[in-house]
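Peer 1: Input sequences plus hints: build the corresponding full structure.
Quick note, the sequences are listed as chains A and B, same order. Note that this note's numbering has the first sequence beginning at 9, numbered continuously upward. Note that this note's numbering has the second sequence beginning at 45, numbered continuously upward.
Derived by calculation from the structure, the hints in this document are not laboratory data. The structure presented is a predicted model; accordingly, all values stated were derived computationally and were not measured. No residue lacks a Cβ here, since even glycine has one placed at the ideal position from N, Cα and C. A hint or two may mislead.
A few chain B residues that face chain A, going by a derived Cβ cut-off under 8 Å, partial list only [claimed, not checked]:
#, residue
1, M56
2, H100
3, V149
4, T150
5, R264
6, R266
7, A267
8, A281
One side only, chain B facing chain A, incomplete, derived with CB under 7 Å [stated by the list, open to error]:
#, residue
9, V99
10, L139
11, L153
12, P157
13, L260
14, R270
To spell it out: a stretch of chain A is covered by chain B in this simulated footprint if at least three of its residues, at any positions, have a beta carbon under 8 Å from a beta carbon of chain B; those stretches are [stated by the list, open to error]:
#, region
15, 11-17
16, 20-34
17, 40-53
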Amino acid sequence: MMGRYAVFVLGAYGASLAAFAWMVLDTLVRGRAARRALERLEAAESGGLVEVERP
Amino acid sequence: MIASLANPHRFMSVSRWLAPVLALMAAGLIAAGLWLGLAVPPDYQQGDTVKIMFVHVPAAWTAMSAYAALGAASFFSLVFRHTVADAAAKAAAPLGAAFTGAALVTGSLWGRPMWGTWWAWGDSRLVSVLVLFLLFLGYIALRASIEDEAKAARAAEILALVGLVNLPVIKFSVDWWNTLHQGESIFRAGGSLIAPVYLTPLILMGGGYMAAFGALWLVRTRAEIRRRRALALTLRAALGG
Chain A
9 MMGRYAVFVL GAYGASLAAF AWMVLDTLVR GRAARRALER LEAAESGGLV
59 EVERP
Chain B
45 MIASLANPHR FMSVSRWLAP VLALMAAGLI AAGLWLGLAV PPDYQQGDTV
95 KIMFVHVPAA WTAMSAYAAL GAASFFSLVF RHTVADAAAK AAAPLGAAFT
145 GAALVTGSLW GRPMWGTWWA WGDSRLVSVL VLFLLFLGYI ALRASIEDEA
195 KAARAAEILA LVGLVNLPVI KFSVDWWNTL HQGESIFRAG GSLIAPVYLT
245 PLILMGGGYM AAFGALWLVR TRAEIRRRRA LALTLRAALG G
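Peer 2: Following this line, the structure appears as structure tokens:
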């Protein structure tokens, strides 16, 4: 359909999709990990059961 | 409004609904932009490679906007000591790097069939955008290399502010120097040089990319604020036990 330019156009859209996929996945993973870690710590603090590794 | 968002609780409250709204806007605008853009007729000179414009130009716009956001957040953090601003600056950098990388790669894929080369070291627009990419990477590396988070933040903020000088260089490079890159053809006195059939999907994609950056930036800033809160709780537990 795009003839000899197809590889360049598809490559550009593929690279853009890859960049967006990384941004979205990395952001969601970080967001979820941070929320869960904070929830665990806040639950532990409110319950008085904070486990801290001591030297 | 900015001062009110400096309060972490206020920021978390506003961003909780704003991030999904921006994400939906991004999805809608990009879908509409792709629907129109992939159906445009071939350009009389560029053929179907003109379709690369709909991913290259929005990426470049968003890359520069991301750096402006990084610079503004760094300013508010450095001058007013807003912790939310510092979290926002840290959150913006990886996104800006990704958009800039996308702009460089898509630009190279556009340049090869049009200019006959993947890259031109003598082209001021290309080199200044590469500098922008390196500034984002440098900011991330600088923050990661200094163990003391406060010192890391200050050093990176200064780098970010110094790097702001690159934005007008990128913008006006096509005017100041002879370049392969096309001159200003959209936002110019006398109106756009681009035909409406190409301009409409371009503006839609540009809006979609910006909204996507906004949504992702808010989510990453929220994650950074939570990370710092978790660190504070951990330290408090270690000291108070």
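Peer 1: Does each hint fit the structure? Answer for all of them.
Peer 2: How the hints compare with the structure:
1. Of the supplied interface hints, the one on B/M56 is violated, with its beta-carbon coming no nearer than about 11 Å to a beta-carbon of chain A, more than 8 Å.
2. Annotation: interface hint on B/H100 holds; nearest CB of chain A at approximately 7 Å, less than 8 Å.
3. Because the closest C-beta pair between B/V149 and chain A is about 4 Å apart, less than 8 Å, the hint holds.
4. The interface hint given for B/T150 is met, as the beta carbon of that residue sits about 4 Å from the closest beta carbon of chain A, less than 8 Å.
5. Because the closest C-beta pair between B/R264 and chain A is about 5 Å apart, less than 8 Å, the hint holds.
6. At a threshold of 8 Å, the smallest CB-CB gap from B/R266 to chain A is about 6 Å, leaving the interface hint in force.
7. For the restraint placing B/A267 at the interface with chain A, the shortest Cβ-Cβ distance is roughly 4 Å, inside the 8 Å limit, so the hint holds.
8. About 4 Å separates the beta-carbon of B/A281 from the nearest beta-carbon of chain A, less than 8 Å, and the hint is met.
9. At its closest, the beta carbon of B/V99 sits 4 Å from a beta carbon of chain A; the interface hint therefore holds under the 7 Å criterion.
10. The interface hint given for B/L139 holds, since its Cβ lies 6 Å from the closest Cβ of chain A, which is under the 7 Å cut-off.
11. For the restraint placing B/L153 at the interface with chain A, the shortest Cβ-Cβ distance is roughly 4 Å, inside the 7 Å limit, so the hint holds.
12. At about 5 Å, the closest approach between the beta carbon of B/P157 and any beta carbon in chain A falls short of 7 Å, and the interface hint on this residue holds.
13. The interface hint given for B/L260 holds, since its Cβ lies 5 Å from the closest Cβ of chain A, which is under the 7 Å cut-off.
14. The criterion of a C-beta within 7 Å of any C-beta in chain A is met by B/R270, whose closest approach is roughly 4 Å, and the hint holds.
15. Interface restraint, the region 11-17 of chain A with chain B: holds (6 residues with C-beta to C-beta distance below 8 Å; minimum three).
16. Beta-carbon proximity to chain B at under 8 Å applies to 10 residues in the region 20-34 of chain A; the threshold of 3 is reached and the given coverage holds.
17. Counting residues of the region 40-53 of chain A whose CB lies closer than 8 Å to any CB of chain B gives 9, which reaches the minimum of 3, so the coverage claim holds.
Hint compliance for this structure: hint 1 is the single one not met.
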